[in-house]
Amino acid sequence: MAVGAPAAPGRTALNLTRFRLEPALILGVLCLAALSFLVVVPIGWLVLTSFQDSDTQALTLRNYFEAFSHRIYLEPIANSLRLAISVAAIATIVGTALAWLVSRTDLPGRSILRPLILAAFVTPSFLGAEGWIFLAAPNSGWINKIWVALFHSEHGPLNVFSMQGAIFVIALYSIPYTFSFVSATLDMMPSELEDAATTLGSGIFRTMWSVTLPLALPAILSGFLLSFLEALELFGPPAFLLIPARQQVMTTQLYLFFSDYPPRVEVAAAYAMPLLLVTASLLLVQRRIIGRRRFTTVGGKGGVRRRMQLRTWRWPFFGLAFILPLLSVILPYTAMLLVSLSKNWSAGPFAPGNLTLYWYDWALNVNGTTREAIVHSLSYGAVAATLAVVVATAVAYMAVRKLFPGVQTFAFLAVAPFVLPGIVLAIGFFAAYTHPPLLLYGTAGILVAAYATRFLPIAFSNSSSILQGLTTDLENAARTLGAGPLRSLWTITVPLLRRGVLTSWLLVFIPALKELSASVFLYTSHTQVITTVIYDFSDAGNFEAVSTMGVLMMVITFVIVIVAYRLIGREVIRSAA
Amino acid sequence: MITIKQLRKTYEGSVAVDRIDLEVKDGEVMALLGPSGCGKTTTLQLLAGFLKPDAGEIRVGDRLLSSARSVVPPERRNMSLIFQSYAVWPHKTVAENVAYGLEVRKLPRAEIKTRVQRTLDRVKLGQLSHRYPAELSGGQQQRVALARALAVEPQVLLLDEPLSNLDANLREEMRFEIRRLHDETGITMIYVTHDQTEAMVVADRIAVMNLGRVEQVGEPHEIYELPATRFVASFIGRTNLLQLNGKTISIRPHQVLLSKPIEATHCLKGRITRHAYLGETRDYVIETADGAIMRVTTGPEVIHEVGAEVEMHLPLGACREITE
Chain C
990 MAVGAPAAPG RTALNLTRFR LEPALILGVL CLAALSFLVV VPIGWLVLTS FQDSDTQALT
1050 LRNYFEAFSH RIYLEPIANS LRLAISVAAI ATIVGTALAW LVSRTDLPGR SILRPLILAA
1110 FVTPSFLGAE GWIFLAAPNS GWINKIWVAL FHSEHGPLNV FSMQGAIFVI ALYSIPYTFS
1170 FVSATLDMMP SELEDAATTL GSGIFRTMWS VTLPLALPAI LSGFLLSFLE ALELFGPPAF
1230 LLIPARQQVM TTQLYLFFSD YPPRVEVAAA YAMPLLLVTA SLLLVQRRII GRRRFTTVGG
1290 KGGVRRRMQL RTWRWPFFGL AFILPLLSVI LPYTAMLLVS LSKNWSAGPF APGNLTLYWY
1350 DWALNVNGTT REAIVHSLSY GAVAATLAVV VATAVAYMAV RKLFPGVQTF AFLAVAPFVL
1410 PGIVLAIGFF AAYTHPPLLL YGTAGILVAA YATRFLPIAF SNSSSILQGL TTDLENAART
1470 LGAGPLRSLW TITVPLLRRG VLTSWLLVFI PALKELSASV FLYTSHTQVI TTVIYDFSDA
1530 GNFEAVSTMG VLMMVITFVI VIVAYRLIGR EVIRSAA
Chain V
6 MITIKQLRKT YEGSVAVDRI DLEVKDGEVM ALLGPSGCGK TTTLQLLAGF LKPDAGEIRV
66 GDRLLSSARS VVPPERRNMS LIFQSYAVWP HKTVAENVAY GLEVRKLPRA EIKTRVQRTL
126 DRVKLGQLSH RYPAELSGGQ QQRVALARAL AVEPQVLLLD EPLSNLDANL REEMRFEIRR
186 LHDETGITMI YVTHDQTEAM VVADRIAVMN LGRVEQVGEP HEIYELPATR FVASFIGRTN
246 LLQLNGKTIS IRPHQVLLSK PIEATHCLKG RITRHAYLGE TRDYVIETAD GAIMRVTTGP
306 EVIHEVGAEV EMHLPLGACR EITE
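Heads up: the protein sequence lines correspond to chains C and V, in order.
Sequential numbering of the first sequence, starting at 990, is according to our numbering.
Sequential numbering of the second sequence, starting at 6, is according to our numbering.
For reference, chain C alone in the conformation it holds in the complex (with noise of 0.2 Å):
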């Protein structure tokens, strides 16, 4: 009783090419389009509207002039350097430092310290800047004014409102970056490779900089590499801080070329060309470093690894490492709490009749916009998210089975907003589509998109490296078990893809929700999101409120994460990112 092929030899012969290329060529054209309006059209319109007369559209190199010839828009430029050199300087040393104790050392309290930097490293740093203006704001800040009542003087030590005060808030939570990637590879690297030199006579200090510290030296570039490319690019944190104290930085300089009125759009994207080539050639240059060396310290896969005994400096040491969660995390976070909870913070937290839960009713029940904003948040960031998951997998889906030629084109032009500033980015979305024939500008599609863009590399390698390690054997047993290719895509390739792309959408979505420098640029009254709500609060000095929103979007943020975590594991971590 054999069971036949499950077609009549009549129709059986059928042309293999005609029948792959179909469904593939139909995909592969939905997908250009979608790279089109996501990553081509606002990256073409940035460099040609760089490249345009304002009023005539005529081809002129003027706004370069412009951009680049005034004093006052050369010294934001200098203090971009100087904020992004300092940060990446003291967020590398201090990084590397606590890898190192937290991965080879019997450091007490190791196990609390990671989450600790891990919740650092979810946190946006505009919120903890707005953490630390309540606590070292120069008169209000209430550890100047513990200060003041302590010991009597007229002022308190600290101004955050300050260069210094930016670069040491902005390289608290720098400091994770490099943290991750040290302590990943001292995770890996077996003490044998250490033991090795020692056995040879080598001391423990010679070790440590003769073979421990060059094997983790690509890691300790990478870290430096981004913190630096962070700190350069970051909007939330310069805005807060150093507006006040009437200093410019790049970002900020190109908003206030957008806040003129009207919007000096021209200058800005020329203003932006600089961010862009940095951005590019240094994370081309941290691909060379990790490319070149990554199979040299992941060698040992067997290896046992042996911590460092830190014996009488194991408390000492705790101290230090527990300083870093103190400053990004535990102080911060109760500050902005505290504020929240507070009728007027400025009375401080424990004045009589000041505690209340007043703003979070306001919040959430009596004032419209905050509540819309949340809504727009979660609403705008899921559509964002499944746009960049469906594209992604899409997109890698081609290029990892290799459906058509030239389809690696498309894998680079999905992970070449990885490049983009989210200001720069914005406003190549302002300057693609705030004119016909795709008006967006007003409405949430624009927040929508850019955000898919934004993110969209991130869903890409993640999905790309899910397809990788699905062998094509998988759908081929399928096929030679009677079903035709759609069948075996939707019966095996899907199911298996499921959770990947479950990973991939929180990947996104986490991150939109959190996203600030290009929201500001993009939003309306009408689409305001949690972000630019604390934006506007803040603008307003109505900090109770900045706090409110503040906490109840890091709460929404803890929660999914902790539910991703259950559900899917370690990989959600890099949505901190």
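FYI, nobody ran anything at the bench for these hints, they're computed from the structure.
Where hints are given, some of them may not hold.
Simulated crosslink set (DMTMM-like; lysine to aspartate or glutamate; CA at most 25 Å straight-line) [said to hold, decoys possible]:
hint : chain 1 : residue 1 : chain 2 : residue 2
1    : C       : K1391     : V       : D59
2    : C       : K1391     : V       : E17
3    : V       : K118      : V       : E108
4    : V       : K111      : C       : D1462
5    : V       : K30       : V       : D188
6    : V       : K118      : C       : E1464
7    : V       : K30       : V       : E158
Partner residues aside, some chain V positions facing chain C, computed with beta carbon under 7 Å [to be verified]:
hint : residue
8    : E80
9    : S85
10   : L86
11   : F88
12   : A92
13   : W94
14   : H96
15   : Y105
16   : G106
17   : V109
18   : V157
Idealized CB from N, CA, C, for every residue including glycine.
Got chain C sorted already, so can you dock chain V onto it with the hints?
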């Protein structure tokens, strides 16, 4: 009967399969044996319908399955394929894996159930039908792949290095297991491997492939005892290749007889350069007077010191003339 005629396949200019001819009889196990890159896997992919040939054709019976003009897609060939990676679907249970092909054929539920159970019993997995593949050992996953392929009762079973991911003991067991499944079902099998022992245990006939061509087709003992080409002689088992009277001669190391030199001129003289005691045998490396290197295997009782002069007797019946 499967007929392959003048089959040819190139990848971007390099020839993977170079005009091969092969016939496989119904109910036969044919092994495609050769080193990596010899074209055996490409041949299998062509048979399965995943690749389109540049020239030539593949027929099963009268039905033309592949030619340069058209290819019947894999799902319409009624051939099952066992993958080197097993390709057992991790999101389906053992029973669901095996039922897949029957569901595609729209069989009634009750029949699917009985056939899945029967096939699983046949590969000795009857008790594990509700497990997921991740909960199975490599050998058990291999059996799931076999059951899944056999459940649809295909006309032909193709196997692509099915045992290369198993450890040595399990591999030996599974060779006999696959042969047993064949003897029970009588299914035609084409079995790709680079392991000559595997081919000899499983196959009725072996096609030795090299550089995209079939060098020799024959039963295992023919391939070993009567190698037709230099490649077959050296790839199947160990051999010595000698130039004697202008002809190339192959002689297996265990067929050479060793003795201390006597006054005789019709044998090869040589000097022992290396020697290893292997328990059941002794291995000698011997350099002949004209500098050729011979390998000779003897019983453990034949003892010669390194450096000793010896004579090698080459029994006429053991010498095979080889074409280059």
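A quick look at each hint next to the structure:
1. C:K1391 x V:D59: holds (20 Å)
2. C:K1391 x V:E17: holds (15 Å)
3. V:K118 x V:E108: Answer holds: V:K118 to V:E108 is near 10 Å, not above 25 Å.
4. V:K111 x C:D1462: holds (23 Å)
5. V:K30 x V:D188: Roughly 15 Å separates the two Cα atoms, so the pair holds.
6. V:K118 x C:E1464: The hint holds at about 23 Å.
7. V:K30 x V:E158: holds (17 Å)
8. E80: Result: holds, 5 Å to nearest chain C Cβ.
9. S85: Holds: closest Cβ of chain C sits about 5 Å from V:S85, inside 7 Å.
10. L86: holds (4 Å)
11. F88: Holds, about 4 Å.
12. A92: Check passed: Cβ of V:A92 comes within 4 Å of chain C, closer than 7 Å.
13. W94: OK, holds: V:W94 within 7 Å of chain C, min 6 Å.
14. H96: OK, holds: V:H96 within 7 Å of chain C, min 5 Å.
15. Y105: holds (6 Å)
16. G106: holds (3 Å)
17. V109: holds (4 Å)
18. V157: holds (6 Å)
No hint from the list above goes unmet by this structure.
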